[in-house]
Structure formats: structure tokens, C-alpha cells
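So the sequence lines, in the order shown, correspond to chains A and B.
Okay, so the first sequence: first residue is 0 according to numbering that gives the first Met the number 0, each after it adds one.
Okay, so the second sequence: first residue is 0 according to numbering that gives the first Met the number 0, each after it adds one.
Hints are computed from structural coordinates only; laboratory data are not their basis.
Check each hint, because a few of them may be wrong.
[Unchecked claim] Okay, derived cross-link-like pairs now, BS3-like style, lysine-lysine, Cα gap no bigger than 25 Å in a straight line: (1) K290(B) to K234(B); (2) K69(A) to K234(B); (3) K234(B) to K10(A).
[As the list claims (entries may be wrong)] Some chain A residues flagged as far from chain B (calculated, every beta-carbon gap over 12 Å): (4) I129; (5) F180; (6) L229; (7) E267; (8) Y313.
[As the list claims (entries may be wrong)] With the C-beta cut set under 7 Å, the calculated list includes, among others, these residues of chain A facing chain B: (9) E33; (10) Q35; (11) L67; (12) K69; (13) T80; (14) T182; (15) A197; (16) I258.
Built from N, CA and C at the ideal position, the CB exists for glycine as well.
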Amino acid sequence: MTVQSFQPELKSARFRREREDDWRRLEALLKRLETQPVSKLSDEDLIALPVLYRATLSALSVARETTLDKALLDYLEGLCTRAYFVVYGARPRLSRRVSRFFAQDWPGAARALWRETALASLLFTLGAGIAFWLFGRDPDWFYAFIPAQMAQGRDPSATTDALRKVLYDGGGAQHDILAIFATFLFTHNAQIAIFAFALGFAFGAPTALLMISNGCALGAIFALYAVHGLGFQLGGWLAIHGVTEIFATCLAGAAGFHIGWTLAFPGEKTRPEAMAAAGRRAATLMAGVVLMLAVAGVLEGIGRQLITNDLARYGVALISAGVWGYYFYVPRQRRDAKAAR
Amino acid sequence: MTDYTPHLSEKTSIQRQLITPEGVDLRIGLGSAGQRASAFLIDAAIVIGIMIGVTIVYVLALFALKSAASALSINWVPGQVGLQLLQAFWLLGFFMLRNGWFLGFELGPRAATLGKRIVGLQVAMRNGGRLSADALIARNLMREIEVFLPLTFLLYNAAANPDGWIVLLGLLWSGIFALFPLFNRDRLRVGDLVAGTFVVQAPRRRLAAELTERRSALAPAFVFSPEQLDVYGVKELQVLEDVLRRNALAAQRVVATRIRGKIGWTARPGESDGDFLDAYYAALRTRLEAKLLLGQRRRDKHDRG
């Protein structure tokens, strides 16, 4: 008995021939979806996509049980995976996502992390208090908290006049274009905030140190000016952007603490699940932090150089404090209720 | 067979279940550490290349402006303002590229940076769900401690820091974050863990030709007995498929000699190795698939059912 090699064609080959046009059509459709928005697709194609996806997926199941053609199986697996991500991974429109971010996600994340925010603010204040107290005992402590290049002559050996001068024509002197100064401040601060957040992964400890050391720098410079009787003036100089910047820094610290805490104590979920949820909430907050720091950069780089009146500076500080406080912490029941539905 | 590219790395890749709502397991392959590293290096090279390229163009433009000004006998020096603009570009550009390059591409429909596309990878949620912007932000912000933190310690060392031991300790500590993917089953980096994502194989394959429909596979000259076909199982069939698709003549000669010896086949005068292998492949697949329909999958030649 012999087996004829030119027998009626293989069942799996016929199976393939009958369906391969559908697969190629799905492939072409996926390729188009990768290069152009969904809205450019015709209604016919939009209806065909899920149909072709399910047909190909069922072909994959059948092929796994009937064909031994490895290249075909690999092809179908790859095609189905691509189609799966397109069919089930479709995201809402960008405009809707952006409005949702500002209306719900960002303030929601800030509210949800209020404990961490309180902790970060506490550490920051603690740092400021310690530095202020240490400066009072021995002004040389100043050099421990503020590196020479950052101080730019503002140190315990400076005269009152020199210190006052910085407040009213400050950093603008070395930067002709204020927008560039603002850019520098923004990128620098944002990178540090992102760093503080990422370091939270090490159980929050480095983030805590960063919060304290940032507080120390503030406390030290404040103590320096207070000694010269310029405390009120410095307050305006710092607060005009500082309210926004320090708030953003504390929120970044809070985002870091959130992931560090969740890594250590995941609670009822498994650790990977808890981490994923915490990381995404913290990331939402971080996107907001970067925006806040852009605002702070403009206030510091441009606003502070143009507004030299102490009271006006305090006024801007007060307004920004009110705006952020209202935006984050005053609940908007109507909108929240609508979102819940 | 130009439309066939064997994916060697894939064969050894770790597989994970991803069951679609329709109940089919997609058997997703995880990106290997080597693939991940090369994708990252490609991206890093592109980003640095862009920065350097734009800087060169900008400086050339400044020189061109200057010479144009002197040609029109206008006294103009780019000086402070020009340099400050360059500085601002570097600051903002580096910030945007460092934080936005990966995020921007991964937010796109292919969920992969250029480097990942070249290597054949993409980002996906571990639970198979929708890839959200917050997850992508989380996974990319964590790169700060995975890449830039160890880099900072390295640069410190290069600057001949006197506290060598502290730098070394820092490097070891930050190295934990950088090498995190090697220490867990799903090859997650810190960012993946925090975001609930993983990086999976997404190779683009084209549909390869059906080998059993080649003319030589249907030639009546080759007739095999059941005993001659029962020598091998699925594994050997697929190795043979790989050899045929690669179309490497030397390998085909070796394999053909091997099979002829094993099944006791005497080559007729003028019989080509390729034709013989095509025909044997078609006959073997027919037989194994017929058994498969009856529920018998013979894994390899040692599998006697």
C-alpha cells in the first residue's frame, strides 16, 4: 500500500485558500488604521473591521488544531494580535481625553492623594524650619543648604543693599530675553519634580530627603533676608511664583510617596495590580504638576521681573493660591455626579 | 521565499497568555532583554542625533545670517541673543525629547517608539485592556531612575569624585532599577511595574507561500510508504519547513541526505534535493494532519503515541 503524494489537495491548504483573502483584507485595513485616523475610514470598512477580526480569530483557533504549517500559524497569531489591539484598544478622541483630564482626573488625583500631599508639605515645612533655626544659631549653615553657584552672591557676607538689589532686578540681569529665563526655570524645575516622583519607587525615602532639602534651601534664604530686615520683601519675591511652584513640588512628592507606599503596602490587591493603579493615578497628577511648573516658570521668569511692587506680588500669590485651592479641593458635585453616571 | 523571515529571537521568547473576550489565547511573546535594550539604544541615538543635527543647522544659519549682514554692510553680531536662543532650544528641546519622545510615539496607534518598531516590539497593558495615557506617562517618567540616575552616578565617577566608594554604592543601588527587567518573570522594567504595562513581540509577518502547492511537491515521481512517513513527528516537520522556506541549498543537501538515509530512499538519477524535500514535506504533512484530525498529535520522532 502506498500513499499518493499527488492526492486531492490538503484540507489545511484548502482551508487557507478559502480564507486568505479575508486575512489580507484585514491586514490592509490595519495598515491604513496605523497611518490615518479612524474618522478617515469609510463606514463599510468600519463595519468590516470587527467582522474580519472575529473571522481571523476563529481561523486561528481552527488552524491550531488542523494545520502544521508553522509560518501560517505565526502569521495568523501576529495578525490577530494586531487586530485585537486595534479593536479593543481604541481610545476616545483626544479632545475628550483632555477635557476629562482637566475636569476630573487631575483634581481627582490630587484629592485622592491628600494624605501624601500633607506629608510632603509637612516635610518641606520641617526642612524650612530646621534651616531657619540653624541659621539663627550659626549663619555658616547657609552654605550647607545652598550651593555657591545657586546663591550667586546672596550669602551671609552680602550687604543689605546687594540683597535688596537682587529682589528688584534679580535673575533678569543675566538673561536679556525673559522667555528664555522662564524656559530655563520650567525645564529645570520640571525635571527635578519628575525625578522626585520617580525616586518615590525606592519606598519614598529619597523623595522625602528631596522634600526636606528643598525646604532647607527656602528656610536658609528666608533666614538670610530676615536678618537684614528684608523678610517681607523676600516673601513677595518668592511667593509670586513660589505658591504655585512649591505646591507643585509637594504634589510631585506626594505622587512619589504614593507609589513608594503602595510598593511597600499593596493592601488587598496583588502587588502588581495595586502598583499599576497607584502608578497611573500618580502619573495623572504628574502631568498636572508639569503644567503647574510651566505656569510657575512664567510667573517667575516673566511676572516677577515685570512686577516689582511687593503688594502686587503678594496679590498674585494670593490669587494663585486661591485658584489652585479651589480647583483641587472644592468638590464640584454636579460634575462629579454626572461623571459617576 | 523572500517573504519569509525566521524570527530567531521569537522562538526562544517567553510566552504569556492573553485571552481575548472571544476566548482565544493569543499567546503573546514577551520582548527579550536584548531586544528591549537595542530598541532603547536606537531611540537614544535618534534623540541625540536630532539634537546635534538641529544645533549644527542653527549654528550654520547664524553664520549665514552674519555673512549676509556683512555683505549688506550691516553691523550685526549674533552674540548674546543668538546664543541664548540656542540655549533655550537645548533646554526645551532636550526636555521635550527626553520626556516626550517615548510618550508621543507610544500614544500613537502602533504603541511603539521608532526603536521598538525596528526591533518588532510594542507596549501593551498586562491585563489586555486599553493602553491609557496615564499608564504611558507613568512608565516613561520612571525612566528617570532607570537610566538617568545610574548615568548621573557614572558621570560623577568620571569627574574623579574623591568619594569613590559612595559613588560605587550609588551605582550599585541605582543599578537595581536599571537591571530590574532581568529579575522578574515578565521582563518588566520599573516603569512597566508602575504602569501595569509590558512590552510584547509585534513582528510584521507577511503570509508566506503554501509549500504543499509547489509544483515539485505534487510531482508523481515521489511515492512514500506509510513506514517511510512514520519516521518523523511535528517537530521534524517544522524544522524541514524552515529549511525549505529559507531556501538555503547547502542546508537542503544535508537534510535531504539525512532523510534519504533514515527512510531508506535511493535517489534516482537527476533527482534534485529540493524536489525530494518538497515532496517529502507534502507527504509527511498530509499524513500528520490526517492523524491530527483524528486527535493524534505526534510531537516528534520519539513520540510513539
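We went through each hint and held it up to the structure:
Taking the CA atoms of K290(B) and K234(B), the gap is near 15 Å; set against the 25 Å cutoff, the hint holds. Restraint check for K69(A) and K234(B): satisfied, since their Cα atoms lie roughly 10 Å apart, inside the 25 Å limit. For the hint pairing K234(B) with K10(A), the CA-to-CA distance comes to about 20 Å; that is within 25 Å, so the pair holds. At roughly 23 Å, the least C-beta separation between I129(A) and chain B is larger than 12 Å, which holds for a residue marked as non-interface.
For F180(A), the non-interface assignment is contradicted: its Cβ lies about 9 Å from the closest Cβ of chain B, within the 12 Å cut-off. Its beta-carbon lying about 30 Å from the closest one in chain B, L229(A) satisfies the requirement of being farther than 12 Å from that chain. The claim that E267(A) is not at the interface with chain B holds, since no C-beta of that chain comes within 12 Å of its own (minimum 17 Å). Against the 12 Å criterion, Y313(A) stays outside the reach of chain B, whose nearest CB is about 30 Å from its own CB.
Checking E33(A) against chain B by beta carbon gives a least distance of about 5 Å; that is within 7 Å, so the hint holds. Interface restraint check for Q35(A): the shortest CB-CB distance to chain B comes to about 9 Å, outside 7 Å, so the restraint is violated. Satisfaction of the interface hint for L67(A) is found here, the shortest Cβ-Cβ separation to chain B being roughly 6 Å, below the 7 Å cut-off. A distance limit of 7 Å between C-beta atoms decides the matter here; for K69(A) the minimum to chain B is near 5 Å, and the interface restraint holds.
With a least beta-carbon distance of about 5 Å to chain B, the hint placing T80(A) at the interface is held under the 7 Å criterion. The interface hint given for T182(A) is met, as the beta carbon of that residue sits about 5 Å from the closest beta carbon of chain B, less than 7 Å. With 7 Å as the threshold, the beta carbon of A197(A) comes within range of chain B, its nearest partner Cβ sitting at about 4 Å, so the hint holds. The criterion of a C-beta within 7 Å of any C-beta in chain B is met by I258(A), whose closest approach is roughly 6 Å, and the hint holds.
Of the numbered hints stated above, those contradicted by the structure are hints 5, 10, listed in ascending order.
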